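Chains as they are written, first to last, in UniProt numbering: chain Z, 1 to 383; chain U, 1 to 383; chain C, 1 to 383; chain R, 1 to 383.
Derived by calculation from the structure, the hints in this document are not laboratory data.
A quick note: this is a predicted structure, and the numbers were derived from the prediction, not measured.
It cannot be assumed that every hint is accurate.
[To be verified] Which residues of chain R face chain Z? A partial, calculated answer using Cβ under 8 Å: (1) Arg159; (2) Leu219; (3) Asp223; (4) Ile225; (5) Leu238; (6) Asn243; (7) Ala255; (8) Thr272; (9) Ile286; (10) Ser300.
Glycine included, every Cβ here is placed at the ideal spot set by N, Cα and C.
4 protein chains.
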Amino acid sequence: MSEVLSYGMVGGGLDGFIGAAHRRAVNLDGEARLTAGVFSGNQEKSKAAAEAFHIDPKRCYESYQEMAKAEAQREDGIDFVVIVTPNYLHYEMCRAFLEAGIHVACDKPVTISFEQADKLQKLAEEKQLLLMVTYTYMGHVTIKHIQKKIRKGELGEIRMVMAEYPQGWLAFEDDFGGKQGAWRCDPKKTGRVNCLGDLGTHVENLAAMTTGLKIKRVLAKMDVIVPGRVLDDNDSILVEYDNGASGIYWTSQAAIGSDNALKLRIYGSRGTILWDQEESEKITEIHADGSIVKLHRGYSSIDPEAGKYARLPAGHTEGWLEAMANLYQSFICCIRAKKEGSFSEDMIDFPDISHGKEGLAFVEACLKSNENGNVWVDLQEEK
Amino acid sequence: MSEVLSYGMVGGGLDGFIGAAHRRAVNLDGEARLTAGVFSGNQEKSKAAAEAFHIDPKRCYESYQEMAKAEAQREDGIDFVVIVTPNYLHYEMCRAFLEAGIHVACDKPVTISFEQADKLQKLAEEKQLLLMVTYTYMGHVTIKHIQKKIRKGELGEIRMVMAEYPQGWLAFEDDFGGKQGAWRCDPKKTGRVNCLGDLGTHVENLAAMTTGLKIKRVLAKMDVIVPGRVLDDNDSILVEYDNGASGIYWTSQAAIGSDNALKLRIYGSRGTILWDQEESEKITEIHADGSIVKLHRGYSSIDPEAGKYARLPAGHTEGWLEAMANLYQSFICCIRAKKEGSFSEDMIDFPDISHGKEGLAFVEACLKSNENGNVWVDLQEEK
Amino acid sequence: MSEVLSYGMVGGGLDGFIGAAHRRAVNLDGEARLTAGVFSGNQEKSKAAAEAFHIDPKRCYESYQEMAKAEAQREDGIDFVVIVTPNYLHYEMCRAFLEAGIHVACDKPVTISFEQADKLQKLAEEKQLLLMVTYTYMGHVTIKHIQKKIRKGELGEIRMVMAEYPQGWLAFEDDFGGKQGAWRCDPKKTGRVNCLGDLGTHVENLAAMTTGLKIKRVLAKMDVIVPGRVLDDNDSILVEYDNGASGIYWTSQAAIGSDNALKLRIYGSRGTILWDQEESEKITEIHADGSIVKLHRGYSSIDPEAGKYARLPAGHTEGWLEAMANLYQSFICCIRAKKEGSFSEDMIDFPDISHGKEGLAFVEACLKSNENGNVWVDLQEEK
Amino acid sequence: MSEVLSYGMVGGGLDGFIGAAHRRAVNLDGEARLTAGVFSGNQEKSKAAAEAFHIDPKRCYESYQEMAKAEAQREDGIDFVVIVTPNYLHYEMCRAFLEAGIHVACDKPVTISFEQADKLQKLAEEKQLLLMVTYTYMGHVTIKHIQKKIRKGELGEIRMVMAEYPQGWLAFEDDFGGKQGAWRCDPKKTGRVNCLGDLGTHVENLAAMTTGLKIKRVLAKMDVIVPGRVLDDNDSILVEYDNGASGIYWTSQAAIGSDNALKLRIYGSRGTILWDQEESEKITEIHADGSIVKLHRGYSSIDPEAGKYARLPAGHTEGWLEAMANLYQSFICCIRAKKEGSFSEDMIDFPDISHGKEGLAFVEACLKSNENGNVWVDLQEEK
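Construct the complete structure from the given sequences, taking the supplied hints into account.
See the structure below:
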């Protein structure tokens, strides 16, 4: 009988959203079990969480450093760790677990500087460990299908990319969106960006991984709109790709009525593809002859390399957790292969530290553009 | 530390869809673990499944009878069983586990006759055991919201109910829809109905539980449309409710292009509610003044008794598995309460054998109507 | 220089909706000009209307009988008359103009009995005059496209037809929907039906003309739902076609939130077509391989015999008036051809008295079914 | 009896689209009749058109200069002229008719330079003549409603404006989109812009007139994407308004699958309004409490100053021609008032030369921004 893997978590206490989301995504397929963690900086809260998650109290640690060390020494220690803390903590935590020889799945943005991300990449390579960055939307069957289609050239040359990600939860002056809103709008905890880090990195990653285009340069206007905010909450970004194509990225947290409205539109010389996260099971493909074809997750016309991740027939809706679970499915599969000695790079079907690094390069170029009066900034070669 | 419950499964081998769906729905919240089962009538297949599910081979049984007996005797025996076999097997299996003192979750339709369902109800009551019937769609937050709204009278008097559930997967003569299609179209395995049993019972349950209306009488036209079929694959049903309201139910398996297109429209004297399973996170409410209001799962205006089941913020899509998981959440919560002695009837927030029975009464009345030339048939009082 | 035709109108005063709609539809292409009329039973109102419409006061008549006689005698008399009065007046008015040798366009339902419609058909044939019945929706480019597609067999054998036409404007007890609502709900003015006559005849006509199917028999449940009404305001109708296909028609005036929600869904053995009047420029075609194709009015893939009616490029929305104008375009073209002696039957691309008659046969069969307890009633051969 | 006005047309021969569109829009309400014109530079074509339009051959002129002169001298001369020629001809033509004392309706962009537009404005003021610029979309009831709502402050402070207008008809290298495409892509006939002049001016006008915001500065990236083009066919524009709000405008002619996809999204501190030209009868309003309300043209909640333009009940779709007809309705009403001496400025409910001028200021600033490497350019005060 093959073994169920075990994993730990840093962050993700009882009152947060993202930790529970990761736990459920891992739970879904029953291939890994939560067995250790530091769920809060507050010991009591951490213990309460551990109990709620049915975890042995001995494996509820006082610090992530202690946890990394102790789990690395246990024979039945965790196979991987999930890091779901505020952004500014990611770097040190990732480092600690990688140094302890433990695979890492870390929320995005993976660090708060390109330099940190670069160091993590080198460390992970040196240690031959996996470092997944959980850009959830890359897990969608539909997104994987779009990625394959474009790789096969079915859109011809990509000409324009329109990508946007407005939300409305931070639109009101006196409402900081609860605990999460608080740290996201606090420069000490998010780095120098808020909206661009939280939403813009998703947009950048999604556009990059689906189209395969590299960004040549960006021109960013980063607004602070809602009275009382100190960091950007509305970002307009012009993008030029290495093939000469043009893009516009828009992210906002002040767009009343936008829930989680990530949308991607890719226009090529031979067709167009439209995708809307809030209807994530659908793809609109428009062919050169003008025919508009709707595709649903679960259809036989979905690329089999994408379609293999489907858990339910078409019309039986899958959602956000399945997308996250698909990332974990490939991640866990790679970890098993590592354990069995059968791993190869082409098994990786999730965003990793290289994508995390690209996200930071994008953020830093946007910041520079904005600080210099909305001028073009190259994403330099050395990055 | 509170315990994770353990459960067993009958049916649900490696090549089926519904067993995997139930397992994932239970997995989602991490409150119960699969520890025993008979996953196939074929021993080898059953063992292969048990291994894939990381189950102790000793608890992979040769028959459901053996399983019921053995698990009842183990100190760490299963807390409940999930039955996901073809319809004609449900009755005997439910009976075996209830008699062994084990709570049961059974797929719908719960049996193939009203009489069987009635017997199961009596047995469950006698044994004081829970018998959940997994009408998945009742688990949606949006459906629970609609149910609460109507109970509070916000639609006024219900006047019309339009409910439909077309699918297209069995539309082609030479394509029996794989293994599932085969048994569903085989009178020996499904009872005397196909489409009406599979889809019509969902429609009946959803309309009944949301509106709170009782059906007075039905007039059914059950068609056998696709050449080669012997059982109904398209059903048109006129419904009259006890308050005088009118309904039309339509179910079909021959509607090319319909994935899983369950739709419910409820018209009252003070407003209208529209719901579409394929966009299950959305509700359209139309008020008497004509204003059309769109509500999404996750909004603060969702009834809190419904909204408490949400796992993600609005715009982070939930789907079919979450609906099923919500049924299990309440079911497991009730089982824990039974174990702790704190159970009370009002904790039940899932369809049970009483709803399963109503489904069978509906099916039998439709069959009678159809056999007698599409005449009105009362759902008799004695039922 | 070819002449602009001239026409007259009976009904259609300043406070009604349908007369203005017909006038604008005729205006659109500038091929006929309103020059005579009786716009109201009230002389003063009629004169006021005539003045507003820039009509010579001498051609504003006291009665339709006088108008028919006078216009028939003028050298520059009207080429056709448009009749837009309450249903119960249609028969005598149509007769008067046909007898005077004037072509007629009459609103639907063309009469209040099958017998009347039959007489008009005979009279029109005898006089060799055109009698158009303005089933507006047949004028849509998209509907004409659907009709052609089905004639060419692209859906295979038609299996199911789902057609519905709910409105909400008469949903409230104390609100009779203004002047129009008043006569529509008054048995003296509408005949024995309300909702079925107003909406059901549209549904019947649309389904018949698009699919080409003949109705074999109907089973109708006609409800009087809103307190205070005496005629049907909600109708549920099961239909069996001569090829064995099944249909469900639903019409209602009590469906709060439904504006003018005529929808048609046609399911064949090789595909499906969906159409929604409120998005009348779009067609959804679903092919046997499951591909869902969206077509817009104006696309090159629209059947040229349908597409020739388009006035604007795709995306420049056309609507209800254009549909009505398309009927008049063919009607006026036929009248010109009659005048020039070049007319042939195959030039007729509008619903005529034969379709009007079918509508009455349908209504009468439904009434009989309902009166006899919702039993099947054949649409007899003799009709 | 009040008189029907008469009007002339320059351009708009038998093979064009926009002339026919204007004629039908004027026809719709029957308040003005086409009686004179120069329909083509080619005399034969012009005569053929005149005949098809049922116009007296004597009033089909050889040149617009001759027409202006002759019609000004006739007692029954035209009340206004409609100019629907390529952009570069607008200026001289408008001037000729204004100088002859004739009101003008001219297609947009009204000229090819700000300077020309400025001169026309002065001339019209001097002559006390109306000069309508037919920005069609301002005619929509829904757009007028949005305009009123925002004026009343219902969105609070406007924060972001997202406006886009992609089309796909010029996406292919070897397909110049017929005659129209040819002149639009020819610098001699369109001025220095193509896409920005044709689509960008609509976007600018719509955003300006609905929000009431003035543009402070723009930053434009104007791409030439399709091989073989010499003028812009894809434009990305960052906008900063005088109140500090941010906007993004996107226009394209290379977006395969976009028919005429003008969309406007306005985000304020108290709510959001969404509008989509291809579903021009609908408005989505999102209030500060998160409620999403759908409004349809024809509803009683539509602002009465907007709603008065509706010709049909809700659900009976109106479209592009009705929008254009609404502009003409107000234009003709103003001309009648001028004739009767009852005119006042507040009767103007259509875009005029002042809006045309703003459009040119926008275009020229964008051109300057693009030529200087995508830098911010102020729309100077003097303009």
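Hint check:
1. Below 8 Å, beta-carbon pairs count as interface contacts, and Arg159 of chain R has one with chain Z at about 5 Å; its hint therefore holds.
2. Hint status for Leu219 of chain R: holds, given a least beta-carbon distance of 6 Å to chain Z, under 8 Å.
3. Below 8 Å, beta-carbon pairs count as interface contacts, and Asp223 of chain R has one with chain Z at about 5 Å; its hint therefore holds.
4. Annotation: Ile225 of chain R was flagged as interfacial toward chain Z, and the flag holds, the nearest CB pair being 5 Å apart, inside 8 Å.
5. The beta carbon of Leu238 of chain R is positioned within 8 Å of a beta carbon in chain Z (closest approach about 6 Å), and the interface hint is therefore held.
6. Proximity of Asn243 of chain R to chain Z is violated relative to the hint, the smallest CB-CB distance being about 11 Å (cut-off 8 Å).
7. The restraint placing Ala255 of chain R at the interface with chain Z holds, with a minimum CB-CB distance near 5 Å, inside the 8 Å limit.
8. Taking 8 Å as the C-beta contact cut-off toward chain Z, the hint placing Thr272 of chain R at the interface holds, the least distance being around 4 Å.
9. Taking 8 Å as the C-beta cut-off, the interface hint given for Ile286 of chain R holds, the closest approach to chain Z being about 3 Å.
10. The restraint placing Ser300 of chain R at the interface with chain Z is violated, with a minimum CB-CB distance near 23 Å, outside the 8 Å limit.
Going through the hint list in order, the structure does not satisfy hints 6 and 10.
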